[in-house]
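Novice: The lines below spell out each chain.
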Amino acid sequence: MRTVASNTIQNETGVSSEAGTDPTRRGFLGRLTAAVAAVGALVAGWPLLRSLVPNVLYEPPKRFRIGAPENFQEGVTFLEEHRLFLFRDSSNYHAVSGICTHLGCTVKFSPFTLPQEETVREFTYRALGEFHCPCHGSRFRGEGTNYAGPAPRPLKCFHLEVSRATGELVVDVATEVSRDFRLVV
Amino acid sequence: MILSKITGVWQKLTWSWRPESNREAGSGIVANFLLHWFPNRISLRSLAFPASFYLGTITFVVFLVLTVTGVILMFLYVPSVERAYWSLKDLDHAVSFGWLLRRLHRISAHLMVALVFLHMFRVFLTGSYKAGEIVKSARPFNWVLGVTLLVLTLLLSFTGYLLPWDQLAFWAITVGTNIAAAVPYVGETIRQFLLGGTIIGQPTLIRFYVLHCALLPLVLFGVAAWHMWRIRKDGGLAIVEQDRQEALAREPQAPKKSKTYSVLGIASGTTVQVNDPTTLNEENSVPSTPFLTVRILLVTLLTVAVSIGLSLVVHAPLEAAANPEVTPNPAKAPWYFLGLQEMVGYSALMGGVIVPTIVILGLMLIPFLDREQKGIGFWFTDGPGRKWGVFGFVYGLVTTCGCLAMALLAPMRSIFPTIESQFFFDLVNPATFLLLLFAGMYFVVLKKTASTRYAAIATFCAFIIAFVILTYTGTALRGPNWDFFWPWQAWPVHPTAL
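Same order as they appear, the protein sequences are chains A and B.
The opening position of the first sequence corresponds to residue 60 in our numbering, with each subsequent residue numbered one higher.
The opening position of the second sequence corresponds to residue 2 in our numbering, with each subsequent residue numbered one higher.
Source of the hints: derived by calculation from the structure; they are not laboratory data.
Do not take every clue at face value.
Under the rule of at most 20 angstroms between Cα atoms (straight-line distance), these lysine to aspartate or glutamate pairs were calculated in the EDC-like manner [stated by the list, open to error]:
1) A:K215 x B:E283
2) A:K215 x B:E421
3) A:K215 x B:E189
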């Protein structure tokens with residue numbers, strides 16, 4: 060009996076001197092409880108958090124028809140609900156995103172009085188104007204390259220095709236193309 | 002007869018038990034929360050108006066006003082994209098006093114943000130985040146809780162900003178959540194988690210609504226309660242540290258009669274002779290009731306009166322319904338984020354992520370960087386402190402105006418027209434320069450004075466003035482296309498379509 064009692068006392072001294080690595084049964088059970096509680100919290104917390112990450116998005120489709128090619132005027136048309144600019148140069152079409160690459164405001168097209176030949180980053184094209192962002196003053200050349208303000212990247216250009224079913228133009232905003240992409244109709 | 006019945010019912014409702022002895026009655030008083038909201042006595046120094054301007058109290062009262070008006074507004078508001086805007090219209094035009102509720106809620110929200118900042122300025126400038134040497138208090142930790150409350154207040158205000166679902170709301174949140182997307186690697190994931198999708202829509206509205214009405218207020222209430230409880234535990238306002246020092250210097254007093262309920266049956270009788278070692282005595286303090294209670298009630302009354310008065314005068318604007326297709330020009334975040342938006346105009350990563358992170362971390366670390374214990378509770382510590390404060394103000398004024406002028410007259414992209422790397426401009430821009438100038442000043446003042454307190458005062462004063470100038474610039478001097486306009490210049494009528 061005596062030895063058992065002195066053992067207990069020794070073990071208790073061990074608790075205070077080396078907290079965290081307590082070798083007693085009580086210490087082990089304490090750590091076990093903490094570990095089970097931590098695992099339990101993770102297991103319980105995961106569904107709570109995961110449920111907040113949507114699996115289905117009820118958002119507008121990324122690929123949509125915008126109308127027959129011949130209905131678009133020569134030059135530039137802003138498609139408000141899709142936030143994109145459609146450029147037409149006789150039978151050449153291309154689409155430029157209207158979403159500023161800085162913080163997502165809709166850029167405005169500021170037309171030149173007269174179109175002018177322009178070379179931006181070794182790409183020559185006929186510029187109709189340039190894009191200005193109302194939020195933080197970013198500016199983009201007519202083909203999308205950012206040249207002033209905080210915008211970190213050029214405006215995106217989207218893939219265009221002609222719908223086989225209806226003959227309308229189809230924009231795919233999930234597919235980015237280079238700025239020299241032109242759809243010839 | 003009726004009166005005694007009413008008293009009986011009242012006692013049944015309010016008393017959980019009837020004390021059978023003096024000891025039980027004493028326990029009842031000791032355990033009573035309301036009777037211990039304030040300490041028994043309050044130091045004359047803490048009671049003085051200039052010690053705190055009661056800014057913390059006012060902030061809490063404004064929070065209560067927000068809670069009460071907010072709960073009523075919850076009955077009248079539908080968090081759906083189809084109906085949110087029209088509930089706001091109803092509040093303004095169809096609900097009795099709906100306009101008053103909305104204005105009061107809005108003005109109180111703006112006041113609360115402003116007051117939290119002012120309270121922080123007060124606590125910093127009076128050195129009230131210091132632990133003190135006599136009783137090591139936990140004030141440094143309470144300062145950290147305070148910074149947490151500042152962040153929570155900003156989050157509450159920001160989530161509430163979307164709820165009217167008008168153009169102002171929609172685009173402020175567009176800009177705000179896109180700032181989160183500037184965080185390297187995980188930015189876009191964070192943004193989509195906040196939005197509940199890839200664009201601002203119904204999932205975003207309901208997320209912000211629940212955060213605004215349930216989660217954030219609960220958390221804020223919990224942390225605020227902790228914050229105030231800590232003030233009690235730390236012995237009141239930091240200026241009490243001066244009373245403590247005087248008490249230490251005083252001759253020990255002869256034992257005297259003390260309060261009766263403190264013995265609680267441990268000793269017999271109703272009085273006991275004790276040597277009172279406490280800081281507060283008849284000369285330097287007064288009973289909290291009525292002196293503090295009446296002041297707090299007065300401050301509460303004035304705060305509510307001023308909020309209501311302001312909401313009678315200041316209109317709550319409601320723009321056109323949210324339209325993702327049309328960005329208003331200019332599109333601005335809430336006013337307290339416009340200083341950040343100004344810097345976000347230089348670089349989204351620097352102005353929107355790095356600078357705010359450094360500011361918040363820097364604020365939290367102040368009590369651990371500055372461990373000097375002199376002049377606790379005094380504005381600017383002492384004479385040299387005031388001098389360094391003025392220096393910081395002037396330095397902040399000059400450098401901030403300099404960086405603004407640089408951003409306006411010599412944008413980085415025009416200085417380095419050949420560089421295309423975005424990383425370069427994220428690192429080299431006026432916001433970075435300002436950050437480096439302030440950090441540099443901290444170390445120069447530290448070296449010159451060998452005092453962390455003076456260095457902290459100078460840096461903090463520079464921070465205050467930079468915050469004010471940048472916020473003012475973003476609010477008043479930025480027009481269409483984020484172009485710069487002096488206050489006397491008219492904004493051009495800008496073509497909004499092709």
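Novice: Hint by hint, say whether it matches the structure.
Specialist: Tested hints:
no.: 1; hint: A:K215 x B:E283; result: violated, 75 angstroms
no.: 2; hint: A:K215 x B:E421; result: holds, 16 angstroms
no.: 3; hint: A:K215 x B:E189; result: holds, 17 angstroms
In summary, the one numbered hint that this structure violates is 1.
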